Amino acid sequence: MRKFGALLKVSFWGMLYAMNLAGGNRKRRISGAGVLALAGGLMLMLSATYSFSFSTMLAQQGMVDMLPMLMSLLAVILCAAFSLFGAQGILFSTRDMDLALSWPVSPLQLVLSRVLALYLENLFLLGVWMLPVWLAWMLQGGCTPAAFIALPISVLLLAFLPCVLAMAAGFVLALISARFSHKALINNLLYLLLLAGIFAGSFSLQGQMFQMQSAFFTSWPMRPFLWFTEALKLQDASLAALAAVCVLPFLLIAWLISRQYAAILTLLASHRARFDYRLTRQHSSGHMRALIGREFRRYFGISIYLFNTGIGLLLLAIGAVAAVLQKDQLQLLMAQLGSESMPMTAVLALTVGFILAMTQPTSCSISLEGEQLWILKSAPLRPWELFGSKIGMQLILVLPFLVVCVPVMGWALGVTTAQAVALLVAAVAMAFCVAPMGLVVNLHLPKLDAPNPTVVVKQSAATLVGLLAGFALMLPGALLFKLIPQVWNGCGWLAAAAALYLTVGILLWRFLLTRGAAMLEEL
Amino acid sequence: MLSIEHFSKTYPGGKRAVDDLNLVVHAGEICGFIGHNGAGKTTTLRAVAGVMSYTEGTIRVDGKDLHTDPVGAKKVMAFLPDNPDLYDYMKGIDYLNFIADLYDIPGDDRTRRIARYGDDFQLTEALGSPIGSYSHGMKQKLALISALIRKPKLLILDEPFVGLDPQASHLLKGYLAQLCAQGGAVFFSTHVLEVAQKLCHKVAIIQEGKLIRYGTMEEVVAGESLEDVFLRQTAGGADHA
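Taken in order, these protein sequences are the chains called A and B. Its first residue numbered 9, the first sequence is counted upward by one per residue in our numbering. Its first residue numbered 62, the second sequence is counted upward by one per residue in our numbering.
No lab work stands behind these hints: they were computed from the structure. Note that this is a predicted model, so its numbers are computed, not measured. Be aware that a few hints might be false.
Each computed SDA-like pair below joins lysine to any residue, with the alpha-carbon atoms no more than 25 Å apart [stated by the list, open to error]:
no. : chain 1 : residue 1 : chain 2 : residue 2
1   : B       : Lys-76    : A       : Arg-36
2   : B       : Lys-212   : A       : Leu-389
3   : B       : Lys-152   : A       : Asp-284
4   : B       : Lys-152   : A       : Asn-33
5   : B       : Lys-212   : A       : Ser-293
6   : B       : Lys-136   : A       : Ser-293
7   : B       : Lys-152   : A       : Pro-388
8   : B       : Lys-125   : A       : Trp-392
9   : B       : Lys-200   : A       : Thr-288
10  : A       : Lys-35    : B       : Thr-71
11  : B       : Lys-152   : A       : Ser-292
12  : B       : Lys-152   : A       : Arg-36
13  : B       : Lys-200   : A       : Trp-392
14  : B       : Lys-136   : A       : Leu-389
15  : B       : Lys-152   : A       : Leu-193
16  : B       : Lys-200   : A       : His-295
17  : B       : Lys-212   : A       : Leu-384
18  : B       : Lys-76    : A       : Asn-33
19  : B       : Lys-125   : A       : Pro-388
20  : B       : Lys-152   : A       : Ala-186
21  : B       : Lys-152   : A       : Gln-380
22  : A       : Lys-35    : B       : Lys-125
23  : B       : Lys-152   : A       : Gly-294
24  : B       : Lys-152   : A       : Arg-297
25  : B       : Lys-152   : A       : Tyr-307
26  : B       : Lys-76    : A       : Leu-456
27  : B       : Lys-136   : A       : Glu-379
28  : B       : Lys-212   : A       : Thr-288
29  : B       : Lys-125   : A       : Glu-530
30  : B       : Lys-152   : A       : His-295
31  : B       : Lys-200   : A       : Ser-292
32  : B       : Lys-200   : A       : Leu-456
33  : A       : Lys-35    : B       : Arg-77
34  : B       : Lys-200   : A       : Asn-33
35  : B       : Lys-212   : B       : Gln-228
Here's a subset of chain A near chain B, in silico, CB distances under 8 Å, partners left out [claimed, not checked]:
no. : residue
36  : Asn-33
37  : Gln-243
38  : Asp-244
39  : Arg-282
40  : Gln-290
Where is the CB? At the ideal position from N, CA and C, for every residue including glycine.
Whenever a hint applies, use it, and build me the whole structure from the sequences.
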């Protein structure tokens with residue numbers, strides 16, 4: 009037990025260090041705490057918005073007890089989605105694995121200590137999420153203030169559930185991909201399949217939820233959330249059932265992983281080495297081509313990097329296809345909503361802006377250089393080449409999606425050609441602004457000593473701040489829409505937004521070439 | 062070829078890693094840089110390679126100031142850190158091509174050089190495999206090949222013999238001598254004092270950030286062994302990092 013305690017301690021401090029909450033200088037710790045507060049604040053705001061609007065709606069129908077059920081379900085889905093890509097990295101790709109496996113500790117203890125970070129992350133998010141839920145529920149008479157004492161213990165138990173889902177997915181994916189020589193490719197394909205399954209499941213769940221089918225709320229998958237609600241009402245039997253349904257699967261999956269742990273790690277670490285290479289004539293290419301090629305190799309070689317920063321583009325493509333397939337229904341819906349609702353150009357701009365804010369490989373691109381940064385720093389490269397290759401990679405990735413999907417969605421939703429063109433120009437301009445912005449954020453919040461890419465992509469301050477900065481970029485666009493919605497048949501605000509984004513993009517680029525170059529040198 | 066004038070480096074927190082270092086390595090010279098762990102060797106080498114920023118002093122490579130013309134200075138040198146972390150997701154040949162592209166080496170030249178150094182270090186047949194599958198020694202060899210194919214005027218090496226097998230070490234010593242014979246220069250750190258004494262024309266001993274002995278090998282050792290001189294000079298100053 010003492011050994012396990014030591015392992016947990018190391019994992020805990022490792023997690024704090026990875027999140028900039030411990031070690032380093034005061035500035036680093038303050039930035040880490042700020043990012044955590046920002047993430048917590050965002051969750052709190054989201055939860056409060058949904059909780060209070062749902063509670064009013066449900067109270068009117070006499071179904072106020074559905075609130076904690078629905079919100080805890082949403083929270084678990086959100087946390088599981090957040091942990092999904094992280095679990096595999098945390099469990100199977102840490103630099104100190106050789107060292108850890110040589111320690112006289114059982115694989116189960118090792119696995120449990122490794123997932124501590126995942127559990128604490130989910131506990132924090134769930135805890136913050138459930139506070140407004142509990143408050144809204146109590147205000148609608150769902151429970152008494154005394155029931156607040158049951159909240160911490162119930163949340164402590166429920167936080168195991170997203171870990172179970174993420175660990176199971178990570179385990180299965182690692183188990184399969186470890187057996188192939190092209191591990192990254194297989195892993196990417198498996199993640200793609202998993203995402204497709206999640207999308208299909210979410211749509212089905214959404215349909216049932218909105219129809220408020222009673223069978224859905226009493227179905228087996230909903231039982232943990234029912235017990236969670238009852239546990240909040242101080243029902244001991246439900247608390248025990250919740251404990252069983254959350255902790256036992258967690259221990260079971262941890263035990264299953266531990267049984268195969270060394271084998272999977274060995275397979276994942278092994279590469280198919282060949283000793284039959286015959287050198288043929290090599291060809292030269294320019295600096296930029298070499299650098300962009302390297303960026304793409306890394307992008308498609310690290311699943312978590314690909315999916316975490318590329319999922320927005322996947323959603324955009326799915327949205328465009330869905331818009332084409334449901335064109336008639338969508339246009340009918342728009343006609344029913346009439347001119348009182350938000351114009352379609354604004355809805356589309358909001359969607360595309362959201363996607364672009366989510367798609368920021370540059371925001372962790374410098375951090376991912378890690379210990380290999382010396383290669384670029386010792387090479388005879390000008391700052392514009394280095395930064396340009398990272399920005400270029402992001403634009404090469406994003407622009408084709410925009411050029412295809414924005415006009416297609418515009419056509420499906422019945423916007424005019426001029427509006428579609430204005431939308432596309434604004435979207436491209438925002439892409440030109442988001443890419444350098446990600447680099448600027450990463451230069452300010454670098455994380456070069458992460459034990460694995462998961463920490464950089466999922467837990468680093470730069471990723472979160474980059475995401476929030478991307479959302480903040482949408483605000484001036486929204487303001488322009490409010491100020492000049494009708495100018496040039498609804499195209500004026502988009503043109504103004506495009507001009508604004510391009511200007512900001514140019515300013516950020518200039519910053520990178522001056523101050524950014526000096527900051528890179530300091531790393 | 063390399064001139065370091067009044068170079069100092071203070072890390073955040075106040076630790077002065079290098080203090081007013083002055084050193085010159087001429088074309089045709091191999092200069093060994095020796096000192097205890099934490100004496101300031103790696104800090105100096107990283108600054109010379111342009112990997113680490115500095116504010117005090119002047120470093121010139123082939124007459125080019127690292128502050129005013131970093132690209133020009135980096136073009137003529139190659140740096141190898143003590144534990145070269147390479148891109149594991151690339152194949153060996155891809156990494157060499159990547160480096161060759163950054164140094165504008167034409168296709169024919171790179172093919173010839175890769176073939177030569179690859180065969181000499183017995184790595185050619187493994188160049189089609191991902192770097193992640195390489196052993197530590199193979200990575201070290203690949204990093205060396207990537208440095209040598211640039212035909213650098215100045216080679217900066219941090220502990221280059223660590224991890225190399227005896228055959229590769231022997232080869233490397235030959236290449237270093239050859240580079241100097243062709244008008245290049247080498248500045249490298251090592252803890253293997255016998256190798257330094259045999260290989261180097263010059264030697265610099267650093268202790269707690271200060272250069273305590275510097276000169277030609279004959280001047281510094283004066284008939285003794287480098288090990289004896291080093292131990293006497295640095296007595297009591299070990300491991301202050």
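Open item on the list: When the structure is checked against the list of hints, which entries are broken? Sort them ascending.
Closed with: 4, 12, 13, 22, 34, 37 and 38
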